[in-house]
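Asker: Spelled out from the first residue to the last, the chains are:
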Amino acid sequence: MSKTTGPTGPTGPTGPTGLNGPDGTPSRGGASRSLSRRSFLKGLIASGALATLPCSLLMPRSASAAPFSKSDFQIFRNACPRNCYDTCSIVTYVRDGVVKFVEGAPESTYTAGGLCVKGYSYPRRVYSPDRIKYPMVQDGRGSGNWRRVSWDEAMERIARKLLEIKERDGNLLGLALTKYSGNFGITNYGVEGMMSSLGYTTRLVGTPCWPAGIDAQNYDLGDMWCNDPEDMEKSRYVIIWGANPAWCSVHSMKYVYAARDRGAKIVVIDPVLTQTSAKGDVAWQPETGSDGALALGMARHVLDLGLVDRDFVTSNAVGFEEFAAYLRQNVTVEWAAEKSGIPADEIRRVAEEFATAKPATIWIGYGMQRHVNGGAAVRAIDALVAMTGNVGKVGGGARYGHLQTWGFNYHAMIQKAPAGSTGFVGKAGPKGEFDVTAGAAAAAAYTDRALNINKTAQELLDAQNPPVRVLWSSCKNPFAQDFDRNKLEKAFNKLEMVVSVEQFFTETVRHSDIVLPVTTLFEEWTVNASYWHYWVSLNEQAIAPMHEAKSNIEIAALLSKHMNRLSPGSCTYPQDIDTREWMEKEFNKGVYELLGISHWQDLRKGPAKAKMPSSASWSDRKFKTPSGKYEFRSDLCASHGHKALPEYKEGRKPYAPYRLLTPHSKFAIHSQFANLDWMEEFQKEPFVYLNPALAKAKGIADLDTVRVFNPSGEVKLRAKITNTVPGDCLLMYEAWFRKLDFNVQNLVDDESADMGAYKTGAPGVAIHDQFADVARA
Amino acid sequence: MDHISLTPGTPRDACLLRALRDLFSARSARDIRAASLALDACRTRFGCSRAVRGTPPCAPPGADSIDSPGHWRDAEYAFNRLFVGPMAVPAPPYASAWLEREPRLMGESTMDVRNLYHALGYAVPDEGATPDDHLSFELDAALALLTLREAADTLPPSSAPEPFPPALASDAQEAWRWLVAEHMGAWVPRFVQHALAEPDVPPAIARALAMLLCWQEDAAAACAHRHTPSANADTPTPSL
Ligand code: SF4
Numbered sequence: 124m125s126k127t128t129g130p131t132g133p134t135g136p137t138g139p140t141g142l143n144g145p146d147g148t149p150s151r152g153g154a155s156r157s158l159s160r161r162s163f164l165k166g167l168i169a170s171g172a173l174a175t176l177p178c179s180l181l182m183p184r185s186a187s188a189a190p191f192s193k194s195d196f197q198i199f200r201n202a203c204p205r206n207c208y209d210t211c212s213i214v215t216y217v218r219d220g221v222v223k224f225v226e227g228a229p230e231s232t233y234t235a236g237g238l239c240v241k242g243y244s245y246p247r248r249v250y251s252p253d254r255i256k257y258p259m260v261q262d263g264r265g266s267g268n269w270r271r272v273s274w275d276e277a278m279e280r281i282a283r284k285l286l287e288i289k290e291r292d293g294n295l296l297g298l299a300l301t302k303y304s305g306n307f308g309i310t311n312y313g314v315e316g317m318m319s320s321l322g323y324t325t326r327l328v329g330t331p332c333w334p335a336g337i338d339a340q341n342y343d344l345g346d347m348w349c350n351d352p353e354d355m356e357k358s359r360y361v362i363i364w365g366a367n368p369a370w371c372s373v374h375s376m377k378y379v380y381a382a383r384d385r386g387a388k389i390v391v392i393d394p395v396l397t398q399t400s401a402k403g404d405v406a407w408q409p410e411t412g413s414d415g416a417l418a419l420g421m422a423r424h425v426l427d428l429g430l431v432d433r434d435f436v437t438s439n440a441v442g443f444e445e446f447a448a449y450l451r452q453n454v455t456v457e458w459a460a461e462k463s464g465i466p467a468d469e470i471r472r473v474a475e476e477f478a479t480a481k482p483a484t485i486w487i488g489y490g491m492q493r494h495v496n497g498g499a500a501v502r503a504i505d506a507l508v509a510m511t512g513n514v515g516k517v518g519g520g521a522r523y524g525h526l527q528t529w530g531f532n533y534h535a536m537i538q539k540a541p542a543g544s545t546g547f548v549g550k551a552g553p554k555g556e557f558d559v560t561a562g563a564a565a566a567a568a569y570t571d572r573a574l575n576i577n578k579t580a581q582e583l584l585d586a587q588n589p590p591v592r593v594l595w596s597s598c599k600n601p602f603a604q605d606f607d608r609n610k611l612e613k614a615f616n617k618l619e620m621v622v623s624v625e626q627f628f629t630e631t632v633r634h635s636d637i638v639l640p641v642t643t644l645f646e647e648w649t650v651n652a653s654y655w656h657y658w659v660s661l662n663e664q665a666i667a668p669m670h671e672a673k674s675n676i677e678i679a680a681l682l683s684k685h686m687n688r689l690s691p692g693s694c695t696y697p698q699d700i701d702t703r704e705w706m707e708k709e710f711n712k713g714v715y716e717l718l719g720i721s722h723w724q725d726l727r728k729g730p731a732k733a734k735m736p737s738s739a740s741w742s743d744r745k746f747k748t749p750s751g752k753y754e755f756r757s758d759l760c761a762s763h764g765h766k767a768l769p770e771y772k773e774g775r776k777p778y779a780p781y782r783l784l785t786p787h788s789k790f791a792i793h794s795q796f797a798n799l800d801w802m803e804e805f806q807k808e809p810f811v812y813l814n815p816a817l818a819k820a821k822g823i824a825d826l827d828t829v830r831v832f833n834p835s836g837e838v839k840l841r842a843k844i845t846n847t848v849p850g851d852c853l854l855m856y857e858a859w860f861r862k863l864d865f866n867v868q869n870l871v872d873d874e875s876a877d878m879g880a881y882k883t884g885a886p887g888v889a890i891h892d893q894f895a896d897v898a899r900a
Numbered sequence: 003m004d005h006i007s008l009t010p011g012t013p014r015d016a017c018l019l020r021a022l023r024d025l026f027s028a029r030s031a032r033d034i035r036a037a038s039l040a041l042d043a044c045r046t047r048f049g050c051s052r053a054v055r056g057t058p059p060c061a062p063p064g065a066d067s068i069d070s071p072g073h074w075r076d077a078e079y080a081f082n083r084l085f086v087g088p089m090a091v092p093a094p095p096y097a098s099a100w101l102e103r104e105p106r107l108m109g110e111s112t113m114d115v116r117n118l119y120h121a122l123g124y125a126v127p128d129e130g131a132t133p134d135d136h137l138s139f140e141l142d143a144a145l146a147l148l149t150l151r152e153a154a155d156t157l158p159p160s161s162a163p164e165p166f167p168p169a170l171a172s173d174a175q176e177a178w179r180w181l182v183a184e185h186m187g188a189w190v191p192r193f194v195q196h197a198l199a200e201p202d203v204p205p206a207i208a209r210a211l212a213m214l215l216c217w218q219e220d221a222a223a224a225c226a227h228r229h230t231p232s233a234n235a236d237t238p239t240p241s242l
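Chains as they are written, first to last, in our numbering: chain A, 124 to 900; chain B, 3 to 242.
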């Protein structure tokens, strides 16, 4: 039977007004609105003779069946747990036990009462008809043949499999976890805890997003620690370098505007002319990956003009003279101009303005370090900020990120291996930037086995003794986020069981054997901190978990129950947990003191901001480097196989005619949000954006369907022609479309960035050092 | 108040509603098989209401003839693809997905049926977590109202013993009319049409969808008939 409904079918476009049912026809919802005023309801209630009705699904109602007040709104505190700079504090309005709408918390001066377009769509997510509602088992991975199972049945199946592989291999290294930033609520580290509670397992470690920059800042400053973004308004000169906050950190823009209102100049550096560029006073579009050269050229000019902060570089830093010598011998402004494509005069002008404005700051975006020379480039920018005396200054700083407000107990995460567990013998590094267990692990006889998350496909293919047999995926969508999709498909074919914990039917779920429905932010208790601003928000459970969804820690508890039932002592995870109690257990005296609160309950009144000695990081100029000073020369960096000085490092050699950029869209965070109907209104399909000159050369007209291809794979999509993209670039936003088979990871290989292994366990990925060709399809 | 004699439609409706309710709340191949067989039994016992009236039958006659485990397993897969998930389903079996300004669950139309259940003294299990307007709950409520209507109808108003209030019969009839004609009428036909338009709908599910639509249309027509003041009392009530 074929579909006969034509373009109004559920997979067809809905009208622009959105006033449509799933079938695209105008809804008749108004017809039933007056039910509550119908007199027959009163009559039925009054009858009192209803006890004998033949209902078998409906249950006699007791007063306690409705847990929420029916009259007014109840108001809850929530936090946006996505991998977003802004980590918004949310106020949630609930009526009849249903989230009616959300808004930004007014108490946080950062969130300031507003969310972004994605945040406002949260009710569409919780109540999406598309949500995964029940635990389900797929008979034949990829077959689309799914059966509904009870939670107990699902967990027993998994538990039996884990016991079987433990028996077979003598350890649980055949079980691997892949998890990253899908939900940053602190209790969700209970997923790592679940793994530890089972024994020593395999972990995909590292982080795809920002590790090169993290290491760079650790070499230079001893930690990644940015100023409070709210003090950016005190800057006299702001360079936004490789970030697009007008899309990806909308709440920060008000500080940029405030700085400009007070006379600051705003310079935006991005190979693409972004919304942020459009709002700047100066927009530079350098060659992609030339950032290090540009920063060093500016540094050379500052040096030539004698605008170096002598006091800082002599009293608070080491290695400046060596750096200066390097600049004199190896760097000229003309060289930087040639590398970057930015005219030498402009480089000189901006360098001079930057060095003379006090304070001046650079926002180092994550985009500019997703390169084979990304860590080196961040070090060069750090050096530029440091030599002009802007480190440790209010309104200054080399801003990258911070983890100052993340000092929770990680109660959910820290679990003991069952007695007698064996595992991997060998060196143990950190399992990501949030790994608080790194020190303890180093001392143990056995450890988990670490595989590089940024080479997930290859690592899963290569792992031996034992191979990875079972993969558990949570807070992550490997098929949308891990690199080289075609290779990943091969890697998944090797796995004996894939369990994914999800809210929507992603490509990863399609490649799973078992899917478990997980709660949204409104359905669990947790607490959230930001890696950018300094506010901490409580996340209250606002509604009952819809359908049969469970939180990650409840899933862990249930797995533990089944493990212990089948094999007593095989899992140390508590079997009965309460998500609110577990949220409480994350707090400690340090967190209370930092936030200036006496109890977590205080956060019910609104988010709290860390009480820092200054809005500037490093205000006391005590750096956490081995020397205790800012290190222009880092011997630690050299000992890790890099240059001691922030020297220029060449970029990746092109392997196809055009550079391929796959940055973030405004309407999605990785593969989240893009599948919601409100976002689809704005972004129905992916496009590849290309420059008119390139389009002309290739005979491509606006909206033509084209093929973008490289050795990793290809995608087919329509083209949009725009001057905002440089002539040698192809740009497509990463996203997951529920109705389309589109995946940028078809084209992105797993080439490593230069840094990241030191602090996150694995180097980053050169996401923007990718190349491809394009042709009309 | 009109006096309505009990028509043979009531047991037919009850039989159908029970089987349809069980089918749409199925969790497994076994549930689907049992509900499908029950639906076939209703048909065998009462005939097709359309065929009885001389109009084309709502579904092809004859039960699902294949009765192997694999057959019902395939029906389960198809059932989940259409109504359950985990993939986005083409025909979400929730009123709210069709009646709200934008498709969603737990909308105002969900609260409408929740209020009705409450008035009947009922609620869905795990209220707040379970959308009240899942088709199977609405069919369950229809079954309840059918029984209530029947009970009220069989008692002459004057002889209604306590605790039956005098208006129960008309309240029950009005609630029934609202639920099956107004509320379900606004979404069930679209739901059925969309599900049937999907490729590879197994016969057992296609039949159930067709019978659901027949039932809903006939029940709504019967309500309209009762509401028409000029209706001749001698005209037989359309068979349900
Ligand atoms: S996605 Fe970012 S900006 Fe939007 S609501 Fe969440 S934290 Fe705020």
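Hints in this document: simulated from the structure, not taken from any laboratory. We put the CB at the ideal spot given by N, CA and C, even for glycine. Misleading hints may appear alongside valid ones.
To be verified - Among chain A residues calculated to face chain B with C-beta under 8 Å, some are:
1) R161
2) S179
3) R184
4) S251
5) R271
6) V517
7) G524
8) L526
9) E630
10) V632
11) Y812
12) R861
13) L863
As the list claims (entries may be wrong) - Covered stretches of chain B (chain A as the covering partner; in silico rule of three or more C-beta atoms under 8 Å from a C-beta of chain A):
14) 34-46
15) 82-96
16) 101-109
Asker: Evaluate each hint against the coordinates.
Answerer: Now the hints, each set against the structure:
no.: 1; hint: R161; in the structure: 7 Å, holds
no.: 2; hint: S179; in the structure: 7 Å, holds
no.: 3; hint: R184; in the structure: 4 Å, holds
no.: 4; hint: S251; in the structure: 7 Å, holds
no.: 5; hint: R271; in the structure: 5 Å, holds
no.: 6; hint: V517; in the structure: 46 Å, violated
no.: 7; hint: G524; in the structure: 35 Å, violated
no.: 8; hint: L526; in the structure: 35 Å, violated
no.: 9; hint: E630; in the structure: 11 Å, violated
no.: 10; hint: V632; in the structure: 6 Å, holds
no.: 11; hint: Y812; in the structure: 28 Å, violated
no.: 12; hint: R861; in the structure: 6 Å, holds
no.: 13; hint: L863; in the structure: 12 Å, violated
no.: 14; hint: 34-46; in the structure: violated (count 0)
no.: 15; hint: 82-96; in the structure: holds (count 12)
no.: 16; hint: 101-109; in the structure: holds (count 9)
In terms of the numbered hints stated before, the structure departs from hints 6, 7, 8, 9, 11, 13 and 14, listed from lowest to highest.
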